[in-house]
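Trainee: Sequences listed follow chains A and B, in order. Add 57 to the 1-based position in the first sequence for our numbering, that's all there is to it. Add 523 to the 1-based position in the second sequence for our numbering, that's all there is to it.
FYI, nobody ran anything at the bench for these hints, they're computed from the structure. Keep in mind that this is a model prediction, so the values were computed, not measured. Careful, some of the hints might be misleading.
Said to hold, decoys possible - Each computed EDC-like pair below joins lysine to aspartate or glutamate, with the alpha-carbon atoms no more than 20 Å apart: (1) A:K73 <-> B:D557; (2) A:K138 <-> B:E567; (3) A:K272 <-> B:D557; (4) B:K585 <-> A:E61; (5) B:K545 <-> B:E575; (6) A:K205 <-> A:E127; (7) A:K204 <-> B:E567; (8) A:K273 <-> B:E575.
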Amino acid sequence: MLSEEQIGVLFAFCEKKFVRWYDVQVELVDHLAHAIEDRMAKDPSLGFETALRNVYEGFGIFGFSRIVSERMERVYQMHRKTYYGRLKSHFRWPKIALMMLLATILFIACKESGALWLYLSITLLMFAALILSIHNGIEMSKLSRKKKLLMASFTYQSSWVYLPLYLSGIIHDAFFRDNVEQALQPYQSILASILIAFYAVAIIAQYQLNLDVRKKIQVYYPELATQSR
Amino acid sequence: MILSLLPEHQKMHGYEITQKVKGLPSGKLITHEDTLYPLLHKLESVGILISELAHIGNRMRKYYTLTTKSKKKKKSLSEPRAFIHTVQLLVPHKTA
Chain A
58 MLSEEQIGVL FAFCEKKFVR WYDVQVELVD HLAHAIEDRM AKDPSLGFET
108 ALRNVYEGFG IFGFSRIVSE RMERVYQMHR KTYYGRLKSH FRWPKIALMM
158 LLATILFIAC KESGALWLYL SITLLMFAAL ILSIHNGIEM SKLSRKKKLL
208 MASFTYQSSW VYLPLYLSGI IHDAFFRDNV EQALQPYQSI LASILIAFYA
258 VAIIAQYQLN LDVRKKIQVY YPELATQSR
Chain B
524 MILSLLPEHQ KMHGYEITQK VKGLPSGKLI THEDTLYPLL HKLESVGILI
574 SELAHIGNRM RKYYTLTTKS KKKKKSLSEP RAFIHTVQLL VPHKTA
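Please put together the full structure from these sequences, using the hints given.
Mentor: Okay, structure coming up:
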């Protein structure tokens, strides 16, 4: 088995070959180490550096670059799949009951008190999304303090969560309208309450994805979770 | 090819898989590790494989295992069809 120092050389080799993510390095270092050990076992006169060069040649002219770029794509896809799985779960019983309850409360509030509740709830949810995003960023940076992780850097960010930001101009105008407390038509209240309930669920699903990714990092790399405290 | 190797060995790590694949007749198409690892990661991202990390001495090792869904799929794929399926995963095909 290779020594700690030689394993360190392999990690440094990966960095030199532009593999900056620890979670990608781990798999490559194990491959390189195992291959080097096999070659040195077959030919004891073979030096470590020569064996490393020979093993690296087996990765072809592109070296590690294709592995890294593909890995980025796969991590993003896996996270997106997890996100939409979480989102869909909120449309199944019993979670859908919560969404329907929220939509009902919003419908009654909008019907009684006009568009003010509509814009207030959108603004509150936007702040909630912002706070969750900042909190996730802080937690991820703690986990990535010692080692950069591709899993942490390429977490899927749903565009649904930032949708109200694109409508912020409309929301801003609405608060300064004279008739902001004017009651909405029933169909407007229904549509608005369903959309806001969906928006709330999209934020919850994003929060759940962020939590899933952090938990996965803590399970796979507990030494990083310890270092973050 | 990978689907045919894994059930027999339960779980395997990347280097082990690459060595065994190279030893198969249809493995001659895949001669470089930079082709095999993206394939493993793609199989993991579509839910055919799952991975786990384990400490082996002074380093960590990533093991791959077939999921239940893929074990059922494996039964329906003969070796030639598995080979075609592998090539399709490796080479993105464009529609006309």
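Trainee: Run every hint past the structure and note whether it holds.
Mentor: Now for the hints, and whether the structure bears them out:
1. Restraint check for K73 of chain A and D557 of chain B: the C-alpha separation of about 17 Å stays at or below 20 Å, so the hint holds.
2. The hinted pair formed by K138 of chain A and E567 of chain B meets the criterion: a straight-line CA distance of about 12 Å does not exceed 20 Å.
3. For a cut-off of 20 Å, the pair hint linking K272 of chain A to D557 of chain B is broken: about 29 Å separates their Cα positions.
4. Of the pairs offered as hints, the one joining K585 of chain B and E61 of chain A holds, with about 18 Å between alpha carbons and a cut-off of 20 Å not exceeded.
5. For a cut-off of 20 Å, the pair hint linking K545 of chain B to E575 of chain B is broken: about 23 Å separates their Cα positions.
6. A distance of roughly 17 Å separates the Cα atoms of K205 of chain A and E127 of chain A; the hinted pair therefore holds under the 20 Å criterion.
7. Simply put, K204 of chain A and E567 of chain B have alpha-carbon atoms about 23 Å apart, too far for the 20 Å limit, and the pair is violated.
8. Of the supplied pair hints, the one linking K273 of chain A and E575 of chain B holds, its CA atoms being roughly 10 Å apart against a limit of 20 Å.
Consistency note: the structure conflicts with the earlier hints numbered 3, 5, 7.
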